[in-house]
Every structure is written in structure tokens, then in C-alpha cells.
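Position one of the sequence shown corresponds to residue 9 (our numbering), numbered consecutively onward.
Be aware that one or more of the hints could be misleading.
Here are the computed distance ranges between Cβ atoms for each label pair [stated by the list, open to error]: (1) G334 - K214: 56 to 66 angstroms; (2) K214 - K339: 53 to 63 angstroms; (3) D84 - K339: 53 to 63 angstroms; (4) S13 - F246: 28 to 38 angstroms; (5) Y156 - A176: 16 to 26 angstroms; (6) F246 - K214: 28 to 38 angstroms; (7) N241 - K336: 16 to 26 angstroms; (8) F246 - K121: 22 to 32 angstroms; (9) K199 - K245: 16 to 26 angstroms; (10) K245 - K126: 15 to 25 angstroms; (11) K247 - K199: 15 to 25 angstroms; (12) K41 - K146: 29 to 39 angstroms; (13) E309 - K202: 39 to 49 angstroms.
Below, in silico cross-link-like pairs of lysine to any residue (SDA-like), each with a Cα-Cα straight-line distance of 20 angstroms or less [to be verified]: (14) K256 - G193; (15) K46 - E260; (16) K203 - K214.
Derived by calculation from the structure, the hints in this document are not laboratory data.
By construction, the Cβ of each residue, glycine as well, lies at the ideal position given by its N, Cα and C atoms.
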Amino acid sequence: MLKRSDFIHLHTHSDGSLNDSIITIPELIQRVKNMGQKGIAITDHNSMINIPLLVEEAEQHNIKPIIGDEFYIVPDREKFFSNKDRQRYHIIVVAKNNEGLKNLIRLNNDSWKTNYFKSRAGLNMSVIDIKQLVKYHKGNIVTSACYYGIIPKLLYDNKKELTMIYDAIKQTYKDDFYLEVADHGVEEETKVFKKLIEFGKKNNDKIIVTQDAHYFHRDQALPHEVLISTRFNYHSKFKYDTYEYYLKTSQEMYALGFAEKYYKNTMEIYEKIEKYNLIKRKNSEKVSISVINESKITFLELRKIAKKIIMYYNIPKTEWREFIKGMKSAKNKIKFFQNSSFFEEINEKYNLYKIIPALLGVKNNIVADENRVIPQSLENINFPIMRKGNSFITQWPSL
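I would like the entire structure built from these sequences, with the hints used as guidance.
Set out below in C-alpha cells:
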């Protein structure tokens, strides 16, 4: 019989996956500890912005931090940029040790330096290709990611490139290659992973069960939906198919009914992860973290959230000017926001007490001082964790 400690999450997005998740690191570590799990992987999209905080928080609570990155991947980057449809897939890379962490950072850097582009929706994006995945393989583990992963998607769509790509990844990563399955109640996902399990059995591949987590609890699905559907500065139709993309307990994961060994394989990866050799910058003190309180929340932050909610519910702009004016002059802006008759119908249905804190957490649920945590012996490697405007961020940004 499986115990709580027989499984860990290896596919988790934090608010480092910008405008894609409302999971904050301190709360995540506490949640993992309460669930009785021994470790946690962060796999933000082409971003390593939360890694220093993950390592520090996890080690303080005796939880093993696992550093990962969910990349957008293409078979060949040159063909990708010459192809107008720009079809891209997903893949997850996890650092097994310090050598792997170096290569993971280099891979992330390369994706932004050589393969940066703006999506049609205006988002800053980057990709890697198979050659880059192979080049930076030492010390790393690779998993096939969600059902939009390059292996499951090519398999399901019967694409001829599958054999070449699958062989290149498996022959390079060998025992550190895993297929990934999940169940979020999506019909297409179920079909894709059924075929992937059959494929994995045929090829003697190891399989893990994951949960593509973007929020803590099921009742946070709505705040998350508000976030992702307004990230283009208008109310888009983009939304998740179900409300199952939350950080589930081990028991909830076991209830999905996958083979027992698929859960235990997550612990095989856990055992492979060595302690990352992280040090603080010279002359720095311990990073101080504190949960943000009401007095530190600015009018502009609340106004930004109000705009998102207004966009989400398609409220005409002419109707909300008085609300903004009232909130600006109110002494307690949070209570004004939560109790305002302007949002009475929304409050009655969904409770703004849940929406507002969740969306605040995306921007700044913690306050940290200026000290940074960086990997030892990596000081001379560039750190363009993400691209901002026309310039790269070349060191750890503010936490």
C-alpha cells in the first residue's frame, strides 16, 4: 500500500511562470510539508527566477528542493523560425546535481539569447531544440512533460519526426529519461497518455505520474482563470479545460488509479537529486522573508487586480470609474474592495476574499531584502533568467 511519502510532485509551476501560476514559494513549501511529501520540483516555463528562494525555503523546512525548467521545444530552431505556424511543444529538464544545474542554466540562457521571439499575443517567448537539449544533457534528467510534450504529441499525431526525436533523447539521457502521465479530467489528455503508456511499455521506458499544478486548491481555479485570461491586457478566451490543475495530496494522486510503480518512480528521481552547492553572495546576510500585510499593498496593485476582474466579467469601463475613485480615497482599500457593492454579484458567486489574495500573490506575496543566493562556481555564467524589453536580466532579479 502506498504511503504519503511514496510520491513527490515533479511538475509544478510557481509565480515564476509569469502570469501562469498563483503558487508562491513559501506557501508551497509549507503545503508540501503538511502533505507529508519529502521534496518538490519547480518547473517554471523557461524561467529560473524563483530557484534561489526555492532552495532556501525548502532546506529550512527539511524538504528536498528540485530545480527544473519546463521548456518550449521544437525539433529544429532554424526551421521553427522560418515556419509561419511556429508549432512548439513542451519538455521538462531537472538538474540532478551541480553539473546539471550549470547545464540547465546554460540551456535556459541559450533559449533566450538565440531563440527569443514575441508570440502573436505579445508575450516574450523562447524555445530550445533537440540539438540544444542533447548538448546540455550532463547531470540532468528529462521527462516528457504534459500532453503537449514533444514525445506524447508527436506520438498521438503519428508524426514521422517522432522516431528521430525519441531516439535522440533516450540515447542521450539513458537511465535519466522518463515518460510522464497525468489525469486532469481532459478527454484529449486521457487519449494521449493511454497511447503513451502503451508506447512506454513497448520500449521499456520508465513512467512517472505528475500533476501540472498552477494553484494550491481547487477553489483557487477561478482566481487563476482571471489571471491567465487577462494577461494579454484584454479578456481572452484562453482557459483551462477543468479545475483540476491544483497541488494534490498524495492520496488524491493515488486515487487517479495509475500503476503503483509510476508513483514510486517519482521517488527514484528524488533519490537521484544531490544537494545543490549553493552559497550566498559575499557579505550578505540571510534573506529575510515576510508575508505582505495590508499596509504594504498599494492602490496601484489593487487597481491592477480590479482591472483584471472587470475585464474577466466584461464590465463596461464607464461603470467602474466611481469604484476606482472610492477605493483610492478609502483608508482600508482591501476592505473597500471586498465589501464594495460594485462587485456584489461577483462576491455572492465567487467570494472576492479568495480572488484578491490569490492574485496579489502573483505579483508580490513576499518581501525580500537585496541579498541574493547564487550557485557556487557559477558566478561567471550569465544569468538571463528571462528577457525584459530589449535587454536581458543578467543576475538574479529581486525576489
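So, going through the hints one by one against the coordinates:
1. G334 - K214: 56 to 66 angstroms: holds, 58 angstroms
2. K214 - K339: 53 to 63 angstroms: holds, 58 angstroms
3. D84 - K339: 53 to 63 angstroms: holds, 59 angstroms
4. S13 - F246: 28 to 38 angstroms: holds, 36 angstroms
5. Y156 - A176: 16 to 26 angstroms: Once the Cβ atoms are compared, 19 angstroms apart, the range 16 to 26 angstroms for A176 and Y156 holds.
6. F246 - K214: 28 to 38 angstroms: holds, 33 angstroms
7. N241 - K336: 16 to 26 angstroms: holds, 21 angstroms
8. F246 - K121: 22 to 32 angstroms: Distance hint for F246, K121 holds at roughly 28 angstroms.
9. K199 - K245: 16 to 26 angstroms: For K245 against K199, whose Cβ atoms are near 23 angstroms apart, the range 16 to 26 angstroms holds.
10. K245 - K126: 15 to 25 angstroms: holds, 20 angstroms
11. K247 - K199: 15 to 25 angstroms: Once the Cβ atoms are compared, 20 angstroms apart, the range 15 to 25 angstroms for K199 and K247 holds.
12. K41 - K146: 29 to 39 angstroms: holds, 32 angstroms
13. E309 - K202: 39 to 49 angstroms: holds, 44 angstroms
14. K256 - G193: The given pair, whose Cα atoms are some 14 angstroms apart, holds under the 20 angstroms limit.
15. K46 - E260: The given pair, whose Cα atoms are some 16 angstroms apart, holds under the 20 angstroms limit.
16. K203 - K214: holds, 15 angstroms
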